[in-house]
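**Student:** The residues making up each chain are set out below.
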Amino acid sequence: MVSKLALPWRARASSQLHWRSWGDEFVVYHAGSGDTHQLDPIAAELLKSLAQEPASTFELVTRVSVSLELEADDDLFEYMEKVLCTLSRLDLIEQS
Amino acid sequence: MELSSLTQCELNTQLRHQGLRLRIGPFIAQIRSSIPSVINGIQQLYADYPIEQESGFADFHVEVSPPRNLRRWFRPQVLFLFDHKSPFKPLPYEQAFPVLEWGLNWCVSQFAHNYLTLHAAVVEKDGHTVIMPAPPGSGKSTLCAGLVARGWRLFSDELVLFSPKTGEVSPIPRPISLKNESIEVIRSFAPEVVIGRSSADTAKGTVAHMKAPIESVRQAMMPVAPTWVIYPRFEAHASAQLISKPKGAAFMRLIENSFNYTLLGLQGFEALTGLIDVCDCYDFSYGSLDEAIAVFDALEPPSTSLNICN
Numbered sequence: 000m001v002s003k004l005a006l007p008w009r010a011r012a013s014s015q016l017h018w019r020s021w022g023d024e025f026v027v028y029h030a031g032s033g034d035t036h037q038l039d040p041i042a043a044e045l046l047k048s049l050a051q052e053p054a055s056t057f058e059l060v061t062r063v064s065v066s067l068e069l070e071a072d073d074d075l076f077e078y079m080e081k082v083l084c085t086l087s088r089l090d091l092i093e094q095s
Numbered sequence: 000m001e002l003s004s005l006t007q008c009e010l011n012t013q014l015r016h017q018g019l020r021l022r023i024g025p026f027i028a029q030i031r032s033s034i035p036s037v038i039n040g041i042q043q044l045y046a047d048y049p050i051e052q053e054s055g056f057a058d059f060h061v062e063v064s065p066p067r068n069l070r071r072w073f074r075p076q077v078l079f080l081f082d083h084k085s086p087f088k089p090l091p092y093e094q095a096f097p098v099l100e101w102g103l104n105w106c107v108s109q110f111a112h113n114y115l116t117l118h119a120a121v122v123e124k125d126g127h128t129v130i131m132p133a134p135p136g137s138g139k140s141t142l143c144a145g146l147v148a149r150g151w152r153l154f155s156d157e158l159v160l161f162s163p164k165t166g167e168v169s170p171i172p173r174p175i176s177l178k179n180e181s182i183e184v185i186r187s188f189a190p191e192v193v194i195g196r197s198s199a200d201t202a203k204g205t206v207a208h209m210k211a212p213i214e215s216v217r218q219a220m221m222p223v224a225p226t227w228v229i230y231p232r233f234e235a236h237a238s239a240q241l242i243s244k245p246k247g248a249a250f251m252r253l254i255e256n257s258f259n260y261t262l263l264g265l266q267g268f269e270a271l272t273g274l275i276d277v278c279d280c281y282d283f284s285y286g287s288l289d290e291a292i293a294v295f296d297a298l299e300p301p302s303t304s305l306n307i308c309n
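Chains as they are written, first to last, in numbering that gives the first Met the number 0: chain A, 0 to 95; chain B, 0 to 309.
Everything hinted at is true.
Pairwise CB distance ranges (calculated):
(1) B:125 with A:68: 43 to 53 Å
(2) A:40 with B:52: 52 to 62 Å
(3) B:52 with A:90: 49 to 59 Å
(4) A:22 with B:202: 36 to 46 Å
(5) A:72 with B:203: 49 to 59 Å
Since the hints were derived computationally from the structure, they do not count as laboratory data.
For each residue, glycine too, the CB sits at the ideal point set by N, CA and C.
Using the sequences provided together with the hints, build the complete structure.
**Tutor:** This is the structure in structure tokens:
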């Protein structure tokens, strides 16, 4: 049985996402739902990364830690799991 | 032609019969009413407004009149009618003029979708505008009235009309709605301003309206780009304090203050982010009008920087 952590996440309707940022504050408008969300830099990087290419939680931790120059430790892993849950609840991403 | 050039008889006739066609900022409101407090309120508080004498298009056809039922014999009531239909339940007859004002606010917030509309006060000085969104009871209208009494141009104490096409805010200067203690605060602060009749026991407490300065009315067709978004909050005895507000947080709060952001869809997102791009944003607490006005007079316009991600 494949671990859930290894299953790839993908962005839902990434072409319908419209972004704006002010420094490290990000907002994204989802044209499909009409919802607007404020995201922190990690959530924004994660969503943008998934909009480029699906990835598992493990792969995402590596990607985000490299792009944001963060240590890929347990704290980051735990935080990213929470962010993935939140983005999934907002219907911005889904797991295969 | 201004409303003040009408004789009492002409004003009565227009309001009672064909309707008074009043130009308020970018809109023409055709108003009918035979209620004395409405006629007097319009005569006193809209004296400087242009009126259209020719019949023709009006953005809003409104009427304030008693409902046709037996209630006229006991606890009489008043209805706001839009296109001959009432969107609201009747209110006490004594509240007829505030009902007109609330109804006109409703018309703009419901139908002016060529603008991004926000619930906020707007004032302008030297070509720079302050947008002040705030919930009821935060001292927004009082601060707006104080600023206007000290020379700031009134755009509105209730409504922001932000054009997605031009990136400018259009004025819609109307009487400023003062509530409860703020009525006496403004009477004492600026004895020269005209404040209309008070209506007690409304849903907002006692309400009275302050006349817009004639200069603001005459410049009502002159839009200006926004400069600052400031969230005011009155705190008794507090010193004036202006604290920079992160733009993301300011943006999300502006969504809460918008009437039609969701309806405008992507255009609303682009408009609102564009507004935040060019504005400096602050939280502002104050306990004294004089101190608050000194802070506003000393505001420095922002240097604009954009950071757009696709």
